[in-house]
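So the sequence lines, in the order shown, correspond to chains V and W. If you're matching positions, the first sequence starts at 1 in our numbering and goes up one per residue. If you're matching positions, the second sequence starts at 1001 in our numbering and goes up one per residue.
Some clues are possibly wrong.
Claimed, not checked - Restraint ranges, calculated between C-beta atoms of paired labels, are given here:
no. : chain 1 : residue 1 : chain 2 : residue 2 : range
1   : V       : 72        : W       : 1028      : 46 to 54 angstroms
2   : V       : 19        : W       : 1337      : 57 to 65 angstroms
3   : V       : 19        : W       : 1241      : 43 to 51 angstroms
4   : W       : 1049      : V       : 19        : 49 to 57 angstroms
5   : V       : 67        : W       : 1064      : 41 to 49 angstroms
6   : W       : 1261      : V       : 1         : 19 to 27 angstroms
7   : W       : 1241      : V       : 18        : 16 to 24 angstroms
8   : W       : 1048      : V       : 1         : 36 to 44 angstroms
9   : V       : 18        : W       : 1261      : 16 to 24 angstroms
Unchecked claim - Okay, derived cross-link-like pairs now, BS3-like style, lysine-lysine, Cα gap no bigger than 30 angstroms in a straight line:
no. : chain 1 : residue 1 : chain 2 : residue 2
10  : W       : 1238      : V       : 37
11  : V       : 39        : W       : 1121
12  : W       : 1273      : V       : 42
13  : W       : 1238      : V       : 20
FYI, nobody ran anything at the bench for these hints, they're computed from the structure. C-beta: ideal position from N, C-alpha, C; glycine also.
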Amino acid sequence: MTLRELNPGQEGIVTSIGQKGPLKKRIMDMGVTPGIKIKVIKVAPLGDPIEVNIRGYELSLRKTEAENITVKM
Amino acid sequence: MNYTIALAGNPNSGKTTLFNELTGAKQHVGNWPGVTVDKKEGIYKKNKNIYIMDLPGTYSLSPYSEEEVIARNYIVNDRPDVVIDIVDGTNIERNLYLALQIIETGMPAVIAMNMMDEVEKSGNKIDCKKLSELLGIPVVPIVARNARGVDELMDAAVFAAESYKTPKFLQVFDENINSAIDAIADILEYEHSESGYSSAEISEYSDSQNLWKAIKIVENDQLVIDTLTENQKIAVEKIITETEQYADGDTEAKIADLRYKFISGLVKKTVIKSKTGHVETRSDKLDKILTNRILALPIFAVVMYILFACTFSENFLFIDGLPSPGVWLADVVETAWGALTDTVGELISGASPVVYSLVVDGIFEGIGAVIGFLPLILILYMLISILEDCGYMARIAFVMDRIFRKFGLSGKSFIPLLMGFGCGVPGIMATRTLDTEKDRTITTIVTTFMPCGAKIPIFAMFVSTFFATGNKTLITFSLYMLGIIVAIVVALLLNKFVYKSGTSNFVMELPRYRVPTFRSVIFHGWEKVKGFAVKAGTIIFLSTILIWSLSNFNVDSFNGVNAAENEDGSNLAEMDESFLASFGNAIAPVFKPLGFGEWKPAVGVVTGWIAKEMVVVTFAQLYDDDVTPEYLEGYFSKYDSVELEEFGFENGEYDPDEAFDIYSEVVLFEGADENALHTMKQDIKTDIAAYSYMVFNLLCMPCFAAVGAMRRELKTFRRTGGAVAIQMLTAYIVAFVIYQVGSFIA
């Protein structure tokens, strides 16, 4: 499943991060790497983007970006 | 010895706080060539021989954003004596990611482990000594906010600069990548020895530089690969392809992964966490309210209202007549400047009319145009830096992203656009808080489409004269809506045709909430004021003088005709005979398709560039058949002395000498006289032409003060010129369509 499908409060382990390219590199630079625990904190009031907790800090991503990140529960 | 110390670090790691602490905020702000990122240099306050260079805050040294390229080019090419990397101790894993990359550059480096007070408060422990051993560079615990450990940090940095030791190469990567790095480093070195350097010259430094280059080449870093010779490129290409196969097709990702794995190992050995898992902090609780599904938007609206009201409100906190801090300060400055102008005016009242007019109407008016904006910039920027420092700004982007992304902008663009309703100058200056150059440029261009406070008098006068019987509120409201719609459309078009390559993403840190420091708030406000006065001041001042000259002279000023005709013997010309009038005549045909192809309205457009409300004053001067002394006396005779005093007549007594100024700057500004300036209907014949004129003034080039602010944000005259051209073109097209379609329907 993808990160987008997680509900606020749910946690998952990152398994892969989409296609090669600047966006993937950026996401990985921010600490989203395979094997790391990621928790969805909330969805923005207008339904997008989402806020996740990773490596002890809060990161926001758009849903289209979260779609590229696959996770296992 | 002179040393240069570069400060690197993640955004929100306390880099600016440390920089201000080290330099005492005495600094020189420049800009990096070609890009809109500030370069800050300062001198260490305790040792004048040490220069501190503040690099842009970055998460990585990848070549993907301009900030990252600047930071790494500075470290690798300009070679400071030592790099201090500020690491936020409360967020150590992600911060060490940049630290590893700085160590890879081979430059002497020191880690400043910041926010140690918060780390201690949370009950966690960081073993800096152990971390220093593992990384091979000094790690100094500090608290930048209260200068704890800063002296020790600087001692360590100076020592590192003196000994100039290249950090050891850390065992971050796996065998496959290491062998690729070695192979590429060999290729680079071979070229070195071929190029005639003696082996002694191939120093330890160039070795480490080759290693850094080799790592970047393995990462497929195009900027570094482009520096290679053709032979080298062919040689490395084979290695890159091979390595990629072992790294599941994406070496870049593999390297990022390995770096984080290495960091996880470091953290395990050096950080003792008091509690396991994610613990809810006060910041988290606050965030739950501020970005709550239901409360977020109302809270956002209140915060924005406070921001706007503090800066521009005449009825602050809904108390009638109570000025906001911004308005109050602006009044103080304007009154003081007015008093100074009067004093100087009296002092030189014996001088020739030309000198008098140049000094009072030209120079003092010009400087006044600059300093009148300073209080607004100061107040607004202090408030913005509170929002930035406390962490709410990132949440604004988070909450508003969904809407603004549709227009190709960031949620943070909301603030400049909102401020544009008060005044475009602080609005444009607020674009600096946006994250990408694209966002900054587009927002700068469209912010002045908002109907600012100075455009209101134009609307008021035209609406009262032309639409007296219609729905005045609706007409004015339609202009507000038009400004917003045009801003959106232009933003979309610029996105589609000018910035088509710039894909945006929203991978953004939401920093913890912190109480802003008083010092940083004052510092940011002051920095903006200084920047505006220096960078924008010249352009505003010179433009004002230019328009003043054009409107006061004509050919006869220089051949004695004016001097013979004028009672006071001066060579000044009446405005309707001036160079400006000739210029208005020359350009008037251009405006014919917009419905106002006569010279007087054209001159109004030009004087509007000094300040938009000048359009009204100019109209009163040019259509003076309507504002005869008899008319003024009749108009004001309706009012009693209390009301006359409110208009601005001293002691409530009607004064014919004051009447014209008061009529044009009070009555017309408020649109209070429906019979005003009827002769302008000879030039602007229909209601639709009047509407078109208002639209043109709403959208065309803003006042010189705003152009000065644009110049400051866009950095070059070429880009500023381009922005102004876009605004003029937009104004022309919209007014053209409105006039032609409107006239056709009517």
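Under the constraints set out in the numbered hints, which ones does this structure not fulfil? Failing hints, ascending: 3, 5, 8, 10.
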